[in-house]
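A.B. asks: Numbering (the working numbering), first residue to last: 47 to 170.
One or more of the hints may lead you astray.
Straight-line C-alpha distance at most 30 Å; calculated DSSO-like pairs for lysine-lysine [to be verified]:
| # | residue 1 | residue 2 |
| --- | --- | --- |
| 1 | K130 | K119 |
| 2 | K70 | K130 |
| 3 | K99 | K139 |
| 4 | K139 | K98 |
| 5 | K125 | K70 |
| 6 | K137 | K125 |
| 7 | K161 | K119 |
Hints listed in this document are in silico derivations from the structure and should not be mistaken for laboratory results.
Note that the coordinates shown come from a computational prediction; the quantities given were computed from them, not determined experimentally.
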Amino acid sequence: MAAAVLAAAALTVGAGGCQDVSTKTANRVELCARIVGKTFTNPFPDDVEKTKKEIRERADELDSMAGQASDEKLRTAIKETARKMRGAEVKGKGSSRTVIGYIADQNALLEDLRKTCLNRDDYK
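Could you put together the complete structure from these sequences and hints?
C.D. replies: Here it is, written out as structure tokens:
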């Protein structure tokens with residue numbers, strides 16, 4: 047009987063630990079997705095100044111969201127992405143911007159997030 051109680055207690059503690067890891071993983075995935083959604087910009091905006099302002103506001107939101115990160119690596123990646131957003135060059139309609147150039151810019155912007163949000167070892 048005592049052995050059964052000890053086994054049940056061990057299983058409960060073990061299951062609780064799994065739930066905690068699962069919740070942390072789900073929270074991390076959700077945060078990564080929300081942040082990536084905030085980073086994309088309009089490749090050919092009508093109003094460049096308005097777009098710059100919106101990007102700065104979204105960068106401020108990312109800085110606030112960094113506090114929700116469950117680990118320092120993700121927090122640092124979020125803050126670095128916000129910093130890059132503030133320095134992003136915005137080109138308006140009629141500029142000599144190519145789709146490939148836009149994709150390259152977005153790729154560079156997401157580099158730090160990609161390294162941690164897509165690294166399975168960071169979810170352990």
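A.B. asks: Output the indices of the hints that this structure fails to meet, ascending.
C.D. replies: Result: no hint breaks.
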